[in-house]
Amino acid sequence: DGGITQSPKYLFRKEGQNVTLSCEQNLNHDAMYWYRQDPGQGLRLIYYSQIVNDFQKGDIAEGYSVSREKKESFPLTVTSAQKNPTAFYLCASSINSGTSYEQYFGPGTRLTVT
Amino acid sequence: EDKVVQSPLSLVVHEGDTVTLNCSYEVTNFRSLLWYKQEKKAPTFLFMLTSSGIEKKSGRLSSILDKKELSSILNITATQTGDSAIYLCAGGTSYGKLTFGQGTILTVHP
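Residue numbers (our numbering), protein chains in the order written: chain A, 1 to 114; chain B, 1001 to 1110.
Some hints here could point you the wrong way.
[Unchecked claim] Below, simulated PhoX-like cross-link-like pairs (lysine-lysine); rule was C-alpha separation at most 25 Å, straight line:
#1 LYS1067/B with LYS9/A
#2 LYS1068/B with LYS57/A
#3 LYS1003/B with LYS83/A
#4 LYS9/A with LYS1037/B
#5 LYS83/A with LYS70/A
#6 LYS1067/B with LYS1057/B
#7 LYS9/A with LYS70/A
#8 LYS1041/B with LYS83/A
#9 LYS57/A with LYS1057/B
#10 LYS9/A with LYS1041/B
#11 LYS1041/B with LYS1068/B
#12 LYS1068/B with LYS1003/B
Everything labelled a hint here was simulated from the structure, so no lab data went into it. Quantities reported herein were computed from a predicted structural model and do not represent experimental measurements.
All chains, please: the whole structure from these sequences, using the hints.
This is the structure in structure tokens:
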């Protein structure tokens, strides 16, 4: 059963703590992406990776970090430097980012920081 | 900076109505325009448009791209309550990056 999984579904953290969101895909997609969605807003790109061991900053990378050690996995760390971390985080993947194929999304993680 | 703007931001209609959602884009190295439907969590893919003037159709939904006007529309005919969702459009570059609009919240009343 192919797809993208994100865990956990809900995450609660205290301010000042780093937190890592998991994203795994078994679609054999080369490219993976992290987006943030705030209420009433569209998706904003945080980081993306087109191949293993390489990734690029998106439009709102400050306060976030990623790694891409395996093709299937693209974890996102929300650091204490991120000023407004409470949001809905979506991970996506696509077959080949070079031709802008459609991106498929995971179910998302809702992070609440108090 | 790439930019995608959708209108209207929200729309309330009754079942059976036809709706048109608009999307305009300013994307460097533009390659494609994508439409997604988001009901509760993950956006689901609807259409990808790369050629101007060619309509894509899926059931009651259809979409067309106008590269001259840098815009796209999504039409939904004979709306149903199940069409209630956020509709997102995104401009895609030749290297795979998507820039999303703010979304249109569609509410269909019975």
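Original post:
Which numbered conditions among the earlier hints are violated in the structure presented, ordered from lowest to highest?
Top reply: Numbers 1, 2, 5, 9, 11, in rising order.
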